[in-house]
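Novice: With the hints as a guide, dock the two chains, each given alone in a separate frame, to form the complex.
Residue numbers (my numbering), protein chains in the order written: chain A, 1 to 518; chain B, 1 to 212.
FYI, nobody ran anything at the bench for these hints, they're computed from the structure.
We put the CB at the ideal spot given by N, CA and C, even for glycine.
Worth double-checking, as some hints may not be accurate.
[To be verified] So the derived list for chain A, only partly shown, Cβ under 8 angstroms to chain B, looks like this: (1) Gln64; (2) Ser108; (3) Lys109; (4) Gly111; (5) Asp115; (6) Pro117; (7) Pro152; (8) Ala155; (9) Glu157; (10) Val195; (11) Tyr196; (12) Arg197; (13) Val247; (14) Tyr317; (15) Val351; (16) Ala359.
[Claimed, not checked] Calculated cross-link-like contacts (lysine-lysine; reagent style DSBU-like; alpha-carbon spacing at most 35 angstroms): (17) A/Lys222 / A/Lys420; (18) A/Lys401 / B/Lys17; (19) B/Lys17 / A/Lys135; (20) A/Lys59 / A/Lys260; (21) B/Lys96 / A/Lys201; (22) B/Lys131 / A/Lys420; (23) A/Lys420 / A/Lys462.
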Amino acid sequence: MRCYSESEEVDFAIVGTGAGGGVLAARLAEAGFSVIAFDAGPFWRPLEEFASDEREQSKLYWLQNRISGGEHPIEFGENNSGRAVGGSTVHFQMVALRWRPEWFAARSKLGYGFDWPVSWEEMWRYYAEIEDAMKISGPVNYPWGPPRGRYPYRAHEVNAAGLVLAKGAEALGVPWAPTPLATVSAPRGRSHPCVYRGFCKTGCSTNAKQSMLITFVPRAIKAGCEIRDLAMVGRIETRNGRVTELVYHRAGEWRRQRAKNIVVAGYAIETPRLLLSSASAEFPDGLANGSGLVGKYFMAHSNDAAWAVMPEEIRWYKGPPSMAVCEHWNYEDKKDFHGGYAFMSQGPLPVDFATALVANTGVFGAELREWMALYNHMGGLKIVGETDPQENNRVELSDEKDEFGLPLPKITFSYSENDKNLQQHSKKFMRSMLEAAGGSNFFDTTSTAHLMGGCRMGFSPKDSVVNALGRSWDISTLWVCDGSLFPTSGGVNPSITIAANAARIADGIKALGARGEL
Amino acid sequence: MGDEFQTPYPSYNVLDKWNSPSWNGQTRRVVAHRLNNVPDRRFFTEPEWTILSALCHRVIPQPERADPVPIAPFIDQELYEGKSHGTHYATLPPDKEAWRRGLAAIDEEARHSYQRPFADLSDSERDAIIKAVDTGEVHSSVWGDMPPREFLRKKVLRDIVRIYYAHPSAWSEIGFGGPAAPRGYLRLTMDRRDPWEAREERQAHVRGAPKP
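Okay, chain B solo, but in the shape it has when bound (with noise of 0.2 angstroms):
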């Protein structure tokens, strides 16, 4: 399975209707700060910094974008400005202490299985990492008390999909409307669209159901 993706909506661009009823200041001012605004690897070292890239870079691959969408720097600002999410899991660690420990440990993975450092594998064999940490099939003891899923997905899934996902961009590809005041919507009822919505231009591929 490749990494291709294909928008079901290619003439969308959610950023189109930046002067238009749907985008009220404030919505302006925030998103534009997101948009120029990337910031400074200030909390992770460098050897941190590619394995965490070469994460990000398997979980959302953006092999159609010249410029993707950085993900990584605003998972660094988070983590150097301590910004807390509301919830510290008993089974985890704190926050920095987790990702910091956890990157050594699917490193550590990597170099078990491949004897390679994650960032020099490939992607088939990147991804077979990340879904031996998803079931727990790890050998590595850096990972201590701390449970590897836990980690991959309350932490790593987590804060990457928060980023892309409050990106124009990914906005556009899965034709969500975006910001919507003052105007807001007129027709809510299946199959209708107001002119102002991204229009679905093919199906949407389908390789069935996640499992949880």
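Just chain A, with the same shape it has in the complex (with noise of 0.2 angstroms):
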């Protein structure tokens, strides 16, 4: 691996290796920029370091602790966040779901939320060039939306708790799709194809999952960027208008790096968290912050889910564990409330099972344990929700310092009534599908997933944090680059429209180089 001195400037220092800055680090370094990409956490093995063990893998969750407020506060960890080279693709479920079109033009086109400032023809022909290198396995015909190339890779065979929402689905009407996942069902290079062991949300150990670790972090290393690993990006500094340097904390003491542009790709909390902890005397809100958006209108997915038990043997744990899945609630507009959701077949591993159920119902003493003996019988179908964005759900700084002094961050999070409605919708929807499916003894759980804005694009200085390719209207050598973009949350896992959206940044990027306007 290449690697650069601290005082070298380079052209692009990214903070951080997920979805959006691993995409972007290896598009920018192919471009022939010199790029250091940041990550808090390590740079993991799977073959030699991944176990078999839920308890052991929360090594690849951000567990630093952040504060959680609101009227339905969101459960962090493993429930959303990652800290290791790859980021959340790490531990991520694999679900490769394109948006609907119209989302990206939600206000104008559905009445409700806000427009992206980018078309989707755009975003789906990057949704093609991140499908292709991550190479999903999808079905030959996928049944919503307009029609796509094919996937790169076959379609998984449909494991069981997929098969509970197939039959759900063809007895109810509505149609349904193998999940468009990336793992692969064919040999790729060094990638055996997946074996179905069912651990992929505590990491793969075989590395049939495409995540960013497998995929743009070599491919950027190839390029020639360098990945600094296990450095804790604590400040950016700015002189004049523009980005300096960055101060980071590795192997126990604080360092600083210099670069010409700054990228931040940390995700919907630590991106503001950054930006608002690098106040300075020239910037004293924060950095990018001339609007007063960083942190605002940060959303997450509700994430619902109905629960029977079925006469089959089911034994969710093999497999991916969202193997089919039904986005007729996200392309029919004939409904109580506005938003969409796509729903999943589940197959939660024994320790994620539980959690659910005691969080969820209270449940103990023996009838617990007679409800975990049924874990072999259960089916489950949960939502990805779209919530709407909403200006108090926000991230800010606490008053409370992390283990390098940095402030910890406050989240606020409450549904709105249209989420609360949505959600409703769903359960009633899912239970009368696990019912034709042949279930029985339901329940219900709610919870959240994934994270979304807190530094949305948008169309002036106004309206939004930074431009359309993420670049801050203040100034004009920060740039942002992952989750925290999005303007509204759509109903489906984000994880590919924040690669997407990066490889289209990086091109943007490129041809403003290609100008002399960087």
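Specialist: Right under this line is the structure:
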């Protein structure tokens, strides 16, 4: 791996190596820029270092506490935040769904939320690039949205948990599909095909999962990018309206790296946190915060689920957790709420399932053990539900400090009335689907998944933190490239949209560079 | 309702796969460490420990085991080491304080309702206290502004199941395949089972859906 000295002013220093930073690092290095990508987490070697064990693998998550408030406080850590080279894609469940085209113009076309400063046609071109780079395994025909090209790899055989969804969907007369997944169904380079061990959420130990760690990070290194791991960036310094250097903590001390451009790609909590905590005499409200919007319009997905006991043995621990999907309510507008939700079959491992069970129902004692003994007969459906972008849902700095002396983030989150209507609708629908599939003994759980917004991109310095290329309106050498750019949340898992958007931003930066406008 | 529990998989022991292609070296190391190194009490005081043990005993009763899966020592270890999980709910005090205050409050609830410490109550009395904590029918001022249900569900129950269901004995009793690298599985569809998976020998018992 090429390494840069701290005194060398690199073209781009990128903070974070997940779906946003990982793609951007590779694409910018391939375009000839000098790039260092920082990550707070370690550079894991999955074949040697990942165990088949939920508890051990909590090492993949961002476990530093965040203060969680509001009417519906969000669970962080394993629920949505990675701390590793490759970011949350190291533990993501590989669901690779495109956005519905109209969502990129939600305000103009559907009457809610905000428009993205990007057309769906452009995003769809980049989806195709990302799907090819991550060798998504998907169905020949996808039932929703405009026609798309063939997925690069054939769909996986759907497991029993997915067949519960399929059976229910067919009984209710709505379409379903094998979920397009970022785990290979045939050999690719040094990746063997997926062996269906089912520990996807705790890290793939066979490298079948096409995370950033397997795809774009190696590409970045090959193109001359340095990956600097275990490096917690604490501050961005500026002078005369330009960034000058990153201040980061590594191997027990604070260090500095000079850079012409700095890209913040730390996801929807760490990105606003870093911009706010870099406040200075020059920018007293934090960097890129002329609009006052840094940290605001923060979103999660609602993640409500319906569960049932099935007469068949399901054994949902086998295979990727979500092998079948239904996007019916993303594309059907005749309903009593705006926005949409996808839902997928589920396969939580024992600790994960037991946690959801007790947190939602309070069950304990012999009854709890009996419920858990039904583990192999459980079927479940869970949504990725759109939530409204609300100004009051936000990331701020608290008075508490972390082990580096940096202010801990404080997050406030409350569902809107529309969000609640969506959740109600989904639970009712999913329960009826489980019933149609032959289930009994139903119960529901509620949670959240994914984080988005907080540094949204937009059309003007008044309505957004950055422009359509993630470039700060206030500081032209400061950029954002991750899920925090999302003006709205959409009703599907965000990873490939973050990655596609990053590839688009990379091309935009390249074009600016060619014109001498960087 | 008694504490008896019958596994549907009486002949299955996930540890039988220890030397099979389902268990790689790093998994064996991690699980062996968990089985062989039960930590000593370092965080809780002895009176707190007594309450915690009584609580664990009711949340996961294990009457059929001469040597029950240890739970309290691992909760103590996490608190002693100050291990965080990523979320500090604004409604709850920091973990260490929440646990100390919550255990003291539960003990006071027992004294209020039965004039005895929690650890001296019968099983059904302890269960009644836990249910009262869950429904918020509490009397002790020790709770302060800490919501009893949040403490019970987000700390007590959560931490206990995260330890218990990470133990191979728990994997065996629910018929979970357990560690599965590098071998994984071949038979994915309904009612199909690889030879190295648990065989269901009797119907699991259903007492009805838990109420949210």
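Novice: Now tell me if each hint is right for this structure.
Specialist: Hint check:
1. Gln64: holds (6 angstroms)
2. Ser108: violated (37 angstroms)
3. Lys109: violated (36 angstroms)
4. Gly111: At about 33 angstroms, which exceeds the 8 angstroms cut-off, the nearest Cβ of chain B leaves the hint on A/Gly111 violated.
5. Asp115: At 33 angstroms from the nearest chain B Cβ, A/Asp115 fails the 8 angstroms test, so the hint is violated.
6. Pro117: violated (32 angstroms)
7. Pro152: It is violated, given that the least Cβ distance between A/Pro152 and chain B is near 22 angstroms, above 8 angstroms.
8. Ala155: Violated, about 13 angstroms.
9. Glu157: At about 6 angstroms, which falls below the 8 angstroms cut-off, the nearest Cβ of chain B leaves the hint on A/Glu157 intact, so it holds.
10. Val195: For A/Val195, the interface hint holds, since the closest Cβ of chain B sits about 3 angstroms away, which is under 8 angstroms.
11. Tyr196: Hint holds; A/Tyr196 Cβ to chain B Cβ min 5 angstroms, cut 8 angstroms.
12. Arg197: holds (4 angstroms)
13. Val247: Hint violated; A/Val247 Cβ to chain B Cβ min 24 angstroms, cut 8 angstroms.
14. Tyr317: Where the cut-off is 8 angstroms and the nearest Cβ of chain B is about 5 angstroms from A/Tyr317, the hint holds.
15. Val351: This hint holds: A/Val351 lies near chain B, its Cβ roughly 5 angstroms from the closest one there, short of 8 angstroms.
16. Ala359: Status holds, d = 5 angstroms.
17. A/Lys222 / A/Lys420: The given pair, whose Cα atoms are some 47 angstroms apart, is violated under the 35 angstroms limit.
18. A/Lys401 / B/Lys17: Distance of about 45 angstroms is beyond 35 angstroms: violated.
19. B/Lys17 / A/Lys135: Status holds; Cα separation ~33 angstroms.
20. A/Lys59 / A/Lys260: Within the cut-off at roughly 33 angstroms; holds.
21. B/Lys96 / A/Lys201: holds (28 angstroms)
22. B/Lys131 / A/Lys420: holds (28 angstroms)
23. A/Lys420 / A/Lys462: Cα-Cα ~30 angstroms, so holds.
Hint check: violations occur at hints 2, 3, 4, 5, 6, 7, 8, 13, 17, 18; the rest are consistent with the structure.
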